[in-house]
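Asks: Protein sequences appear in the order of chains G and V.
When you line the first sequence up against our numbering, it's residues 2 to 314, in that order.
When you line the second sequence up against our numbering, it's residues 4 to 370, in that order.
For the record, the hints were derived by calculation from the structure and aren't laboratory data.
Check the hints yourself; a few may be wrong.
The calculated lysine to any residue pairs, modelled on SDA-like cross-linking and capped at a C-alpha distance of 25 Å, are [to be verified]:
no., chain 1, residue 1, chain 2, residue 2
1, G, Lys-155, G, Gly-106
2, V, Lys-366, G, Leu-74
3, G, Lys-155, V, Leu-19
4, G, Lys-116, V, Ile-208
5, V, Lys-20, G, Leu-136
6, G, Lys-69, V, Asn-209
7, V, Lys-200, G, Lys-28
8, G, Lys-85, V, Leu-141
9, V, Lys-366, G, Thr-11
10, G, Lys-155, V, Pro-212
11, G, Lys-28, G, Ser-218
12, G, Lys-16, V, Lys-365
13, G, Lys-77, V, Lys-20
14, V, Lys-13, G, Trp-118
15, G, Lys-85, V, Leu-19
16, V, Lys-366, G, Thr-45
17, G, Lys-69, V, Ser-280
18, V, Lys-200, G, Ser-218
19, V, Lys-110, V, Leu-141
20, G, Lys-247, G, Thr-294
21, G, Lys-111, V, Ala-12
22, G, Lys-110, V, Arg-17
23, G, Lys-77, V, Arg-7
Negatives, chain V to chain G, calculated, CB over 10 Å [as the list claims (entries may be wrong)]:
no., residue
24, Phe-9
25, Lys-81
26, Ser-122
27, Asn-124
28, Asn-131
29, Tyr-154
30, Pro-212
31, Leu-213
32, Phe-261
33, Phe-285
34, Thr-291
35, Leu-294
36, Ala-312
37, Thr-317
38, Ile-351
None of these values were measured; they are calculated from a predicted model.
Positions of the beta carbon are idealized from the N, C-alpha and C atoms, including for glycine.
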Amino acid sequence: MNAIEVKNLTKVFGKFTAVDNINFDVKQGEIFGFLGANGAGKSTTIRMLIGILEPTSGDALVSGYSIKNQSDLVKKNIGYMSQKFSLYNDLTVVENIRFFAGIYGLDGKKYEERKNWVLKVADLENMENVITGSLPGGIKQRLALGTAVIHEPKIVFLDEPTSGVDPISRRNFWDLINELSEGGTTVLVTTHYLDEAEFCNDIILINAGKLIAQGNSKELKTNYIKNPILEIESDRIVDSMEILEKEKWVGETSIFGNYIHVILNDNTINEGHIYDLLRDKNGISVKRVEKITPTLEDVFIHLIEKDSKKNVQ
Amino acid sequence: MFNRIFAIAKKEMRQLKRDTRMLFIVFFFPVVLLAIFGYAINFDVHHIKIAVYDQDRSLISSEYFDLVTYIDNDDQIKKMLDEKIVQAVVVFPKDMSRRLLSKQEVKIQFLVDGVDGTSANVIQNYVNAATYSYSIQLTKEYLAVTGKNLYVPIDLQPRFWFNPDLQSTRFLIPGLMGMILIITAVISISLSIVREKERGTIEQINVSPLSSIEFILGKTIPYIVISLINATIVLLAGYILFDIVIKGNMLLLLLGTFAFLFAALSLGVFISTIADSQQVAFQAANVTSLLPSLILSGFIFPIESMPIAIQVLTNITPAKFYIVILRAILLRGAGISAFWDQLIYLGIFGLVFIALATLVDKKSKNK
Ligand SMILES: Nc1ncnc2c1ncn2[C@@H]1O[C@H](COP(=O)(O)OP(=O)(O)OP(=O)(O)O)[C@@H](O)[C@H]1O
Ligand SMILES: [Mg+2]
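Isolated chain G, as found in the complex (with noise of 0.2 Å):
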């Protein structure tokens, strides 16, 4: 059984359909990421998959539990971390753990045990009495994640656990998603970050309101883009971009940090032709072309463009 199977699942709002019609499958224990630009839909989705919302059309089962009429059922199963900080700001940690443990139902020694085992990994060992509002960021999002799941639920959903918070802080968040992961907890994760969604078994990606495209990261990078992409590293980014985006063998073309990726519409293009092109007849130096493997942003950009174009026609 999966841990999550979405079926049509569709949210309006007056005459804005924000989720369409969309559907996916969790399997159990894996690290699921959930990826689409500023208001594409995730929140609502979550939102609908814990029961605090309820979907237009289409149903959802969580953990084997229809959310539409068993809501109730649902929420005894997962944990939700959600995209506003959650915590009592104004409690001390452990007041927060207390509470949490409280409104699960948690008490006497299992209360310890996991009360002890969300200082662990916050890392708050010896600091249970400091008010929460004073903590560092990264540490407030592990308190939240470990606060979360104090109920051992089976799966759990993170809308975008890691938004403001420094890259060390959010390598030991993935290192404790991966620690539930290993301990057989469904993670439903959301996030902007590329680099992110490399260390999820499955990731779904949604535009406005539509899922474009699914699949592990592997399957993404082949299945999608077909033709060859070119890395090419020149002192005039820009110019090159323009002299590049006039020839009919360059499909789309994007900044990455110094270099430029292009997507050949044609197979026997190779680097000589941007040599060519750009040092000899147009006399920008260019220090390297390369033909690369995509990566998940390639075929990000190159799915959302798509997809965009699409809507406007």
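Here the structure of chain G is known, so what remains is to put chain V with the ligands in place on it, guided by the hints.
Replies: Frame of chain G; chain V with the ligands shown alone:
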């Protein structure tokens, strides 16, 4: 279930302990109100300062009047009233004694400062009463000399029951309790729920298996306790400062208070479902509870003397019903038969708002 309710209540107490602004509203406000209404706003009129322009020179002062000064010419009358040295001036005519003795009619002029209409009215009543009884006494004396008895056809002797000295503090204490409990109940509960919405912590509670009933009970328990503490403080203050003893049954008092708290808390919960920010909640709580409980509850202005439309409007404040109950128990020592209908009103009021709150909450799940 009780553990979960308790977890919420404990958390609420801990937060309250650190929230100085809320503590201020909850505990300090009542003390201020008590001071204002107990001492500053006193509707009793005592010690009216008068000046006497006695062209005849003979007068005694009394409990009701403090004789401030004698004056001896017309110009001073205006000065005394203008500068608020006195509230009234009595002018006895020059030939008063002679006229009285010769059984002629005497005209006494009484000038009252009419700026404070209520006091002016009271002063006028005192003077009328004093003049009336003095006239009767003189008549009696005169008749006694001539060997006849006076027959007074109607002698009106007013007695005020339940509040024999017509002390306004007595009358105000029940209203004051209503106001203070409204503040702790409606305002603090709505603010405390809306704050969770504002900060997003409510999402975490919504996804937990906690039911709305458990959440609301947990949230309200601390405020019920605080309300009861506040009520006790007001009653103690009433006893120590103003000699007000509870005439009726304590258990009935508690029952009435619970009914009132149920109504007030439901209103607070309802406000929290429609308001999205603490500011809006505070305004809404003010407009729907604090102001009506001051103006429309019968606390200060008697409801019977309001226009019919306003009388209907008075039903929006649960304080109205509570004040009737309190006055019955505190001042009259009445039993439940005197106010059972008020208890029912309060119950209906509470149920209506809880139902409305549930409805709005259900709807918000689709938004
Ligand atoms: N309650 C609501 N009423 C009306 N529109 C809403 C509501 N909630 C969300 N939306 C709209 O639905 C769209 C999707 O919002 P959602 O929060 O799901 O996006 P998201 O993918 O989580 O974006 P982000 O990355 O910014 O968090 C947005 O355009 C948003 O404005
Ligand atoms: Mg979001």
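Asks: Next step is simple, just say for each hint if it's right about the structure.
Replies: Cross-check of the supplied hints:
no.: 1; hint: Lys-155/G / Gly-106/G; result: holds (17 Å)
no.: 2; hint: Lys-366/V / Leu-74/G; result: holds (21 Å)
no.: 3; hint: Lys-155/G / Leu-19/V; result: violated (34 Å)
no.: 4; hint: Lys-116/G / Ile-208/V; result: holds (19 Å)
no.: 5; hint: Lys-20/V / Leu-136/G; result: holds (20 Å)
no.: 6; hint: Lys-69/G / Asn-209/V; result: holds (16 Å)
no.: 7; hint: Lys-200/V / Lys-28/G; result: violated (33 Å)
no.: 8; hint: Lys-85/G / Leu-141/V; result: violated (86 Å)
no.: 9; hint: Lys-366/V / Thr-11/G; result: holds (18 Å)
no.: 10; hint: Lys-155/G / Pro-212/V; result: holds (15 Å)
no.: 11; hint: Lys-28/G / Ser-218/G; result: holds (16 Å)
no.: 12; hint: Lys-16/G / Lys-365/V; result: holds (20 Å)
no.: 13; hint: Lys-77/G / Lys-20/V; result: violated (31 Å)
no.: 14; hint: Lys-13/V / Trp-118/G; result: holds (23 Å)
no.: 15; hint: Lys-85/G / Leu-19/V; result: holds (22 Å)
no.: 16; hint: Lys-366/V / Thr-45/G; result: holds (16 Å)
no.: 17; hint: Lys-69/G / Ser-280/V; result: violated (29 Å)
no.: 18; hint: Lys-200/V / Ser-218/G; result: violated (37 Å)
no.: 19; hint: Lys-110/V / Leu-141/V; result: holds (15 Å)
no.: 20; hint: Lys-247/G / Thr-294/G; result: holds (24 Å)
no.: 21; hint: Lys-111/G / Ala-12/V; result: holds (21 Å)
no.: 22; hint: Lys-110/G / Arg-17/V; result: holds (23 Å)
no.: 23; hint: Lys-77/G / Arg-7/V; result: holds (14 Å)
no.: 24; hint: Phe-9; result: violated (7 Å)
no.: 25; hint: Lys-81; result: holds (63 Å)
no.: 26; hint: Ser-122; result: holds (50 Å)
no.: 27; hint: Asn-124; result: holds (53 Å)
no.: 28; hint: Asn-131; result: holds (62 Å)
no.: 29; hint: Tyr-154; result: holds (79 Å)
no.: 30; hint: Pro-212; result: violated (5 Å)
no.: 31; hint: Leu-213; result: violated (5 Å)
no.: 32; hint: Phe-261; result: holds (26 Å)
no.: 33; hint: Phe-285; result: holds (19 Å)
no.: 34; hint: Thr-291; result: holds (28 Å)
no.: 35; hint: Leu-294; result: holds (30 Å)
no.: 36; hint: Ala-312; result: holds (38 Å)
no.: 37; hint: Thr-317; result: holds (39 Å)
no.: 38; hint: Ile-351; result: holds (30 Å)
Consistency with the previously given hints fails for numbers 3, 7, 8, 13, 17, 18, 24, 30 and 31, ordered from lowest to highest.
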